[in-house]
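Each residue of the first sequence is one higher than the last, beginning at 96 in my numbering.
The set of hints was computed from the structure by calculation and includes no laboratory data.
There's no promise every hint is true.
To be verified - Just the calculated beta-carbon pair ranges, DEER-fashion:
no., residue 1, residue 2, range
1, R188, G97, 30 to 38 Å
2, R130, G164, 29 to 37 Å
3, R130, A110, 14 to 22 Å
4, G184, A106, 26 to 34 Å
5, R169, P129, 25 to 33 Å
6, A99, G179, 31 to 39 Å
Positions of the beta carbon are idealized from the N, C-alpha and C atoms, including for glycine.
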Amino acid sequence: MGVADAERILAAVRAIPRGQVASYGEVARRAGLPRRARLAARVLSANTDPSLPWHRVLRADGRIAFPEGSHGFREQAQRLRAEGVAVVGGRVRAPTRQGSDLDAELWATP
DNA sequence: GCGGTGACTGACA
DNA sequence: CTGTCAGCCACCG
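Model the full assembly from the supplied sequences, consistent with the hints where possible.
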């Protein structure tokens, strides 16, 4: 593994549009590294680039990965809300079936 | 080398 | 809805 993998993961994170989110697993998959969700998490924890939209990355179930109440948790929730993403109880509004049709791709948020 | 530890996941109970 | 559990893999003592 190496810098190349980390770079691809960072690129995948930077590719998440404003107001949208993706899971660690998805980020890894888009980086060409399927099943490497943990690596994606590691890369983010090691990241120093302040311009990286790390807050758009969540767990597969839509919950924020940090423990509730922690600094990271609060900052991520705040950053998400700042760009219009609804965060309720540490979790991003999931793609509830009844909505339109194909919002299963990425979770856009009103 | 070995065991513990995560910004993780999908399957199953 | 909550909880386990087996995979997962880089890192660290």
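We went through each hint and held it up to the structure:
About 36 Å separates the C-beta atoms of R188 and G97, a value consistent with the hinted range of 30 to 38 Å. The hinted range of 29 to 37 Å is satisfied by R130 and G164, whose Cβ atoms lie roughly 30 Å apart. Here the CB-CB span from R130 to A110 is close to 20 Å, well matched to the stated 14 to 22 Å. At about 31 Å, the beta-carbon gap between G184 and A106 stays in the expected band of 26 to 34 Å.
Hint check: R169 to P129, Cβ distance near 32 Å, so the stated range 25 to 33 Å holds. Between A99 and G179 the C-beta distance comes to about 34 Å, which sits within the given range of 31 to 39 Å.
Of the numbered hints stated above, none is contradicted by the structure.
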